[in-house]
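Work from the hints to combine the two standalone chains into their complex.
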Amino acid sequence: MEPHEQSSSPPIRHVELKAILLLTLVAALVTGFVLYVLYARGAFGETQKLVLIADDSEGIAVGANLTFSGFPVGRVQRIELSKNGKAKIEVEVPVKDVHWLRTTSVFTLERGLVGGARLRAFTGNLDDPPLPDGAERQVLRGDATEQLPVLLATMRSVLDKIERMTASDSDLNASLANLRVVSERMTGRYGALGGLLGGDENAKKVIDALDRSNALLASLGGVSAKLGRTIDKADARVFGAGGVMDETQQAIAQLNAVLGDARASLKKADAVLAEAQKVGANTAAATEDLAALRAEVEASVRKVGSLIDEVNRKWPFKRDTELKLP
Amino acid sequence: MPERMEPIAFRLRRAGFAAVAFATALSPSAYDPAARRVAARQIYFSAWQILPGFTLACAALSWVLIRIVLSSSNAYGLSAYALELTVRVLVLELIPLFAALFVGLRSGAAINTEVVLMHIRGDLDAQQRAGRDPLRHELVPRVIGSAVAVMLLAYLNCAVALLLTYYEMYGISPWGLAQFLRITGEVFAPVATIGLAIKTLLFGIAVAVIPITSALAVPRLQRMAAVAVLRGMVSLVLALAVIEGSFLAIMYV
Numbered sequence: 001m002e003p004h005e006q007s008s009s010p011p012i013r014h015v016e017l018k019a020i021l022l023l024t025l026v027a028a029l030v031t032g033f034v035l036y037v038l039y040a041r042g043a044f045g046e047t048q049k050l051v052l053i054a055d056d057s058e059g060i061a062v063g064a065n066l067t068f069s070g071f072p073v074g075r076v077q078r079i080e081l082s083k084n085g086k087a088k089i090e091v092e093v094p095v096k097d098v099h100w101l102r103t104t105s106v107f108t109l110e111r112g113l114v115g116g117a118r119l120r121a122f123t124g125n126l127d128d129p130p131l132p133d134g135a136e137r138q139v140l141r142g143d144a145t146e147q148l149p150v151l152l153a154t155m156r157s158v159l160d161k162i163e164r165m166t167a168s169d170s171d172l173n174a175s176l177a178n179l180r181v182v183s184e185r186m187t188g189r190y191g192a193l194g195g196l197l198g199g200d201e202n203a204k205k206v207i208d209a210l211d212r213s214n215a216l217l218a219s220l221g222g223v224s225a226k227l228g229r230t231i232d233k234a235d236a237r238v239f240g241a242g243g244v245m246d247e248t249q250q251a252i253a254q255l256n257a258v259l260g261d262a263r264a265s266l267k268k269a270d271a272v273l274a275e276a277q278k279v280g281a282n283t284a285a286a287t288e289d290l291a292a293l294r295a296e297v298e299a300s301v302r303k304v305g306s307l308i309d310e311v312n313r314k315w316p317f318k319r320d321t322e323l324k325l326p
Numbered sequence: 001m002p003e004r005m006e007p008i009a010f011r012l013r014r015a016g017f018a019a020v021a022f023a024t025a026l027s028p029s030a031y032d033p034a035a036r037r038v039a040a041r042q043i044y045f046s047a048w049q050i051l052p053g054f055t056l057a058c059a060a061l062s063w064v065l066i067r068i069v070l071s072s073s074n075a076y077g078l079s080a081y082a083l084e085l086t087v088r089v090l091v092l093e094l095i096p097l098f099a100a101l102f103v104g105l106r107s108g109a110a111i112n113t114e115v116v117l118m119h120i121r122g123d124l125d126a127q128q129r130a131g132r133d134p135l136r137h138e139l140v141p142r143v144i145g146s147a148v149a150v151m152l153l154a155y156l157n158c159a160v161a162l163l164l165t166y167y168e169m170y171g172i173s174p175w176g177l178a179q180f181l182r183i184t185g186e187v188f189a190p191v192a193t194i195g196l197a198i199k200t201l202l203f204g205i206a207v208a209v210i211p212i213t214s215a216l217a218v219p220r221l222q223r224m225a226a227v228a229v230l231r232g233m234v235s236l237v238l239a240l241a242v243i244e245g246s247f248l249a250i251m252y253v
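The listed protein sequences correspond, in order, to chains A and B.
FYI, the numbering for the first sequence is 1 to 326, going by this note's numbering.
FYI, the numbering for the second sequence is 1 to 253, going by this note's numbering.
Same shape as in the complex, but just chain B (with noise of 0.2 Å):
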């Protein structure tokens, strides 16, 4: 690995793992019981462990953002509006950054310092030299956990929000369901639907590809795990800024 690789080329090969992981994590071939669980590991460590905490602080989180909502609109008389902003910014904005940020900064930054290791240890190389592809035992299984956990925290999270909307502006009568129906109905518009679902899947990737990618990046020196922990770390953040740029050029330019 060079010391330091062009920005470009870099890209391209952190692009172009991105691509062969996705297409590795698709083929049923690669799920051999090793890889199967360290995937089921994966997914354990970064979705199982932190989904009530996470919902939970999530949800405090939407209520009080739901709360500074209505208020606001009833303050200026713009009540009609407020669920279909409610459901805008939260369900189809925040939940998911908020999700992809909470398992990128957790799981990211741990997969990042765990592939760092082995790459400066040579473990990855070992395991290639025993004939055990690290792509699909260790590499690809910790995208898959990755993404699912993102997935998995965003959508169940974007419920509990959706119910805590209707609970906050209709309480448990079942009479605003109609309407509440209609509104989102209109939110979740084709484009606005398959755009979650894609921005979703794309945090997910990213939030382990940049840090594998960066752990990869760097020379074979202990004093350099540190520098491919910021590194990845850095691009993460910037990566998902540049997804939910777009996402919300795409959607409102």
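If we strip away everything but chain A, and leave its shape as in the complex, we get (with noise of 0.2 Å):
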């Protein structure tokens, strides 16, 4: 252990040769750890440049990933303030990725719960002409913890009213306990029609009903068979030979003879209502000499009358006159 005190003691076989190893060793490991950081950083690939414009770029560091459906393309290599205030972060892209992006693609920054910010790109057509070297795009934002605060609130109000809904006096219940009443009434002898008209009784009545009118309608069925049948007959007596119908045309031919008669006739009344007219007319004229006459008869009459009253007074046999006062 103590060089000092060993060197008197037996030397160590190609100690030399070993320490060199173990030199040679640690050269090795260094060197190939210095390789290996390089490579695993990007160092020997050729790249193409990405400037990202974001508003805000809180959560992403140097060396953050750009992933494409999961896959990172490329790698965030410097991120500074442009002149305008706005983030800049410039995105280092292997050439062997660089065809994922396109001039249509959409870069995406978006905040989870856990963890730094991702950037994401998203092509929708893969035909488009490639992304230039050095292009500039703007940032997406997306931020789960912005929405937090109205998702919390929201679901506040949510939970109030699942917690009104699942109350044990809430209309929820009630109404579930309805249903559950309907579903056994549902599950009787009646089955739906039960449920639906609230009882088994209800129901019954329902069905006599419509045994009754299963009943009525066969009935009706008879009925009709015999109204056909009447209308049979009655289709043959009007409209059969020597039927209804057949007496009823002699009758209208016998009627039209009638009435040319009848017309006839009339004609002959006028011929009297003129000549009766006429003797109206004549009427008329004598009624006015009836007047005179009657004047004369009433006159006549009148002295008649004051003859006789002369001739009462005169007459012997005269009743008395005398007027007799109270």
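Keep in mind that the hints were calculated from the coordinates and are not lab data.
For each residue, glycine too, the CB sits at the ideal point set by N, CA and C.
Please note: incorrect hints may appear among the correct ones.
Here are some of the chain B residues that sit facing chain A, going by a computed Cβ distance under 10 Å [unchecked claim]:
no., residue
1, F17
2, A19
3, A39
4, L152
5, C158
6, A159
7, L162
8, A239
9, A241
10, I243
Each pair of labels, with its calculated beta carbon distance range [said to hold, decoys possible]:
no., chain 1, residue 1, chain 2, residue 2, range
11, A, A153, B, S71, 52 to 62 Å
12, B, L248, A, E136, 32 to 42 Å
13, A, M155, B, S71, 24 to 34 Å
14, A, T108, B, L78, 15 to 25 Å
Structure, rendered in structure tokens:
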């Protein structure tokens, strides 16, 4: 262990060779490690630059990945504040991966609840022209935590509603209880009808009514058959040979003849009436003469009356005309 | 050597010694055959002897830690961060510190005892009188041996831990390689990589320099040998903690 003391002890075989081996091993490890780190950090691959402009680069660190469909296709090399106050994120994209990014690609910066922000690229059409070197693109932001207060408020109101809905005296519970009653009824003898009508008795009534309706329809069938037969008979009577219609036609012919006679009679009556009109006119003239005649008759009658009165007064068997006052 | 040195002066002396040792180690003229032999023996004792055992122990410890990190991250739905966490904790921090502590407790304690005995016996003065530079022939080779041992153990076991992590995460499938490269590439940013190299070098230097300076700082009394080893070990652990804490602060604060 102690070199000074062990120098007097038997010498170690190939000590210098072993020391050189160990030194070589250290050198190899250091070289290998440096090469590994350079390769892992993409120092040997050809890259092109993409500049993303964001309102806020919080959560993005140098070395963060730009992912496409979950695969890293680029790495943030530098973040700086541009002159217009926006964050300028320089991303190095290996040339072998650059074909995933097109001129129409959309870039987003998303912040989750856990971990840093994520830069993601979306390409709708991979046939669009490729993204040129040094292209500048705006970053769309999506932040889960920003939406969190709104989400919490909404959730709280939703939970309140759910709580009210699930309370023991809630409408929902009452509805469910009613539904249970209805469904229990539906499992009864009269099935869904019992559930709808509120009980087996009502359902029974409905079924009885249906039975009666069926019976009624059956008897109606009989009636309609009889009616059919009656109509057939009536048809035969009315429209058959020697039926009502034939007689009616004859009657109508006779009626026509009668009407012709009546028309002739009416013409005669018309003439009679013309005559009568004339008679009436004569009568009117005669009536005027009658008034004078009447006046004369009345005067003659009055004279006859007064004559009779005179005769009576002068008649010896005259009646006592003395007036006796009470 | 005074009975009790002022703490600041003591520290300055220690830093001065570390600088001189480092400069000497880097100058090719310092390596005459005798110095080279001592350095080779020191590398052999500090690194070669313990390499298989330490690698096995460290691999077992790494495997346990990797399993714990992977299963906990899976349980919490954070498996995407498991690889980064494992590499950061294990490769960047724990393994270099573990290697430095191991070499410090093994070779550092031995160097401390050896140098304090040489100091008490007056061997170093005798060598100087005989025209042999004790710094170049006795002390610097020990520093080189310890530094090489710490770097070798740290880097080798970092590589083993990376392989184990890959195997635990993806099995022997080559399809995880792209993701593994990407995530480890992110972890080994320039600051982290250069920091790891500097930290490991500082650990290696501290592991030898602090015991040597502690040994040289005590009076030449037989009973002070134990005190020198005690002080050396306590100072060493404190120094390792300070270096580790400083790098953590630089990386994450």
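Checked hints:
{"no.": "1", "hint": "F17", "in the structure": "violated (18 Å)"}
{"no.": "2", "hint": "A19", "in the structure": "violated (22 Å)"}
{"no.": "3", "hint": "A39", "in the structure": "holds (7 Å)"}
{"no.": "4", "hint": "L152", "in the structure": "holds (5 Å)"}
{"no.": "5", "hint": "C158", "in the structure": "holds (8 Å)"}
{"no.": "6", "hint": "A159", "in the structure": "holds (6 Å)"}
{"no.": "7", "hint": "L162", "in the structure": "holds (9 Å)"}
{"no.": "8", "hint": "A239", "in the structure": "violated (22 Å)"}
{"no.": "9", "hint": "A241", "in the structure": "violated (25 Å)"}
{"no.": "10", "hint": "I243", "in the structure": "violated (19 Å)"}
{"no.": "11", "hint": "A:A153 to B:S71: 52 to 62 Å", "in the structure": "violated (38 Å)"}
{"no.": "12", "hint": "B:L248 to A:E136: 32 to 42 Å", "in the structure": "holds (38 Å)"}
{"no.": "13", "hint": "A:M155 to B:S71: 24 to 34 Å", "in the structure": "holds (33 Å)"}
{"no.": "14", "hint": "A:T108 to B:L78: 15 to 25 Å", "in the structure": "holds (22 Å)"}
Violated hints, listed in ascending order, are 1, 2, 8, 9, 10, 11; each of the other numbered hints is respected by the structure.
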